[in-house]
Amino acid sequence: MVEYFEQSQLQSNEVVLSVQNLTKVFKGKKPFTAVDDISFELRRGEILGLLGPNGAGKTTTIQMLLSTLASTHGRITYFGKDFSEDRSEILQQVAFASAYINFPWRLKVKENLDVYGRLYGLDSNTRKHRMEKFLRLFDAWELREKEVSALSAGQKTRVMLAKAFLTHPQILLLDEPTASLDPDIADEVIQFILKQREEFNLSILFTSHNMAEVAEVCDRVMFLREGKILAIDTPDQLAKSVSVARVQLLVGDGLKRTIEYAQQHSLPYKLESRSIEIEVDELRIAAFLSGLAQKGVEYSQISINKPTLEDYFLQFSRGDFLKKTGNLVSSYSLDGGGR
Amino acid sequence: MKLHRVMAIVMRHLYLYSRSYDRLTDSIYWPVMDIVVWGITSQWLMKSQNAIPNLALMILTGLVFWQIVWRANYEISVNLLEEFWNQNLVNLFATPLRVSEWIAAVMALGFIKMLFTASVGIIAVWLMYALNIFTVGWMIIPFFALLLMSGWFMGFLGAAVIIYYGQRVQTLAWTMGFLFAPFSAVYYPLESLPGWVQNIAQWLPTTYVFEGMRAILFRGEMPVDMLVKSLALNVMYLILSLAFFVFMFRKSREKGLARLE
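Chains as they are written, first to last, in the working numbering: chain A, 1 to 339; chain B, 1 to 261.
The reader is advised that the hints may include incorrect statements.
To be verified - Mimicking DSS-like on lysine-lysine, the simulated pairs with C-alpha atoms at most 25 Å apart in a straight line are: (1) A:Lys-81 <-> A:Lys-110; (2) A:Lys-108 <-> A:Lys-133; (3) B:Lys-47 <-> A:Lys-81; (4) B:Lys-255 <-> A:Lys-228; (5) A:Lys-240 <-> A:Lys-270; (6) A:Lys-133 <-> A:Lys-195; (7) A:Lys-306 <-> A:Lys-240; (8) A:Lys-128 <-> B:Lys-251; (9) A:Lys-108 <-> B:Lys-251; (10) A:Lys-228 <-> A:Lys-240; (11) A:Lys-27 <-> A:Lys-228; (12) B:Lys-2 <-> A:Lys-30; (13) B:Lys-255 <-> A:Lys-110; (14) A:Lys-29 <-> B:Lys-255; (15) A:Lys-240 <-> A:Lys-256; (16) A:Lys-29 <-> B:Lys-251; (17) A:Lys-295 <-> A:Lys-256; (18) B:Lys-255 <-> A:Lys-30; (19) B:Lys-2 <-> A:Lys-27; (20) A:Lys-228 <-> A:Lys-256.
In case anyone wonders, no lab produced these hints; they're calculated from the structure.
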């Protein structure tokens, strides 16, 4: 552990990954732009979330950052070095883990990790030592003699994470690392990742569909849609940008009138027994409650839920973000990341 | 090129061989079965015609020699396909591994498997028919080296197409070698072939190895000129096939390696 990331104990604001005007156009009869001129930076010790609906360009971006997909245009720089020129040297410091990538399934867990250790030039003793350390850490030590084909999805993910940390990377690209994990193990993994970042200034690019997890883990979140960056900001700031709150009422008398009121004012709502949750603009909550009172609606409980990152994601993914916020989008784009 | 990364890929496949019964049996079962069938056939031909001396040795040596070409060729394509089947291609090429290191590793694996299969074949021929393929003498070593090179270039030719088009053309792993077999004069003299086949055959390095083998068996001559021709063609084809593979790998990377899994 002591030698782990000795090199990374540098100044914390250092840019370790810089992406400039990265573009991917898939050629064909109908050329398709999967990633459209994106630019962003990852700093040492930072966890940057990569979010967006399906087809937004997240996986394409990660593939280009790993060189398993060639970019059409743009420049990727790790630690100040051009990725296209120093690929092997750079990838020595970068690790990748995804819940959706497999291991050779007829090899045992320990054989797989041995191969990966060799690929990164770890000597025999270091491979054995780290294999035990990280397999134990991810509660997978007992799996070492098993073939990968015999592992469950969750077990595979834990081994994949052990593999990612085996080489003591300075940058981690994690594609949904907690998918298919039980909640308690997922939480342990997240806590471990946060600890590594804290202790070793590890920089992480992180994708997940679990918004609560992203909000907890990420320092900044980058939203992609149709290959473009629409926003980069802290999870809190992005959530705050959503003006819609969710007002939950346990209605005693006047449920039908409440629904009519919501429909008249085009307010989205969800109904469950006598409980109704209505999306209301934060600035109009008082007027909304006053309107219900005028209709004679009586409720025994009320809770007003502030917008979360998930609300932002949903609003943004539904496509009404641009219509509602217009040029606000550009004001969220920091560090030259947005367009 | 880093040796530890080449070794990593070699170990990845050696671990697999140790418990992959299909990969082990195809190194033993098929060569032995071929030797049984062709050995019996050639012995029968010798009894019924009694015209061609050393017929059984010629056919069985051709068979063992062809197994070397086939094994080296097959190992390259199938080792690539193994990464597709295991969804491991992205895993591998997201590491510092270079294409040149992967190439070196599969060539080494082809060599290891060739030694294994050739040994199995030579021992089987000796045990079953009391025929010694080492009758060819020390010349067997350059023969093996030339056949190995031929297998490599055929393998990279197939792998180049597979790395771009993926599993839909995976049958090339099994068929590519056989495309060259009829033109290589494996079991019969070159002059027995039709003119147009001879025209093609003279451009194949394998032809000169098999013709050379027969020259030793029948005339006891060491066909240095044939070996030189074979070496020149092998070097040329190997360089071209490697360049083709690297080109197709890059073209495939433009579309994304993940699509192949």
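* **Agreement of A:Lys-81 and A:Lys-110 with the hint, judged by alpha carbon distance not exceeding 25 Å** => 33 Å, violated
* For the pair supplied as a hint, B:Lys-255 and A:Lys-110, is the alpha-carbon distance within the 25 Å limit? -> Given pair B:Lys-255, A:Lys-110 is violated - Cα atoms ~32 Å apart, limit 25 Å.
* To do: Take a quick look at whether A:Lys-108 and A:Lys-133 sit within 25 Å of each other, Cα to Cα.
  => 17 Å, holds
* Asked: Can the restraint linking A:Lys-27 and A:Lys-228 be considered satisfied, given a maximum Cα separation of 25 Å?
  -> 18 Å, holds
* Asked: Regarding the pair B:Lys-47 and A:Lys-81, is the alpha-carbon distance no greater than 25 Å?
  -> Not OK: B:Lys-47 and A:Lys-81 at ~73 Å, beyond 25 Å, violated.
* **A:Lys-240 paired with A:Lys-256 [C-alpha distance capped at 25 Å]** => 31 Å, violated
* Regarding the pair A:Lys-133 and A:Lys-195, is the alpha-carbon distance no greater than 25 Å? -> 15 Å, holds
* Asked: If you draw a straight line from the CA of A:Lys-228 to the CA of A:Lys-240, is it 25 Å or shorter?
  -> 21 Å, holds
* **Hint consistency between A:Lys-128 and B:Lys-251 [alpha-carbon to alpha-carbon, up to 25 Å]** => Outside the cut-off at roughly 38 Å; violated.
* 25 Å Cα cutoff - pair A:Lys-29, B:Lys-255 -> 14 Å, holds
* Quick one, are A:Lys-240 and A:Lys-270 close enough, alpha carbons at most 25 Å? -> Satisfied, since the Cα-Cα distance of roughly 22 Å is no more than 25 Å.
* Holds or violated: B:Lys-2 to A:Lys-27, with C-alpha atoms at most 25 Å apart -> Outside the cut-off at roughly 34 Å; violated.
This entry does not satisfy hints 1, 3, 8, 9, 12, 13, 15, 19, 20, going by the numbered hints stated previously.
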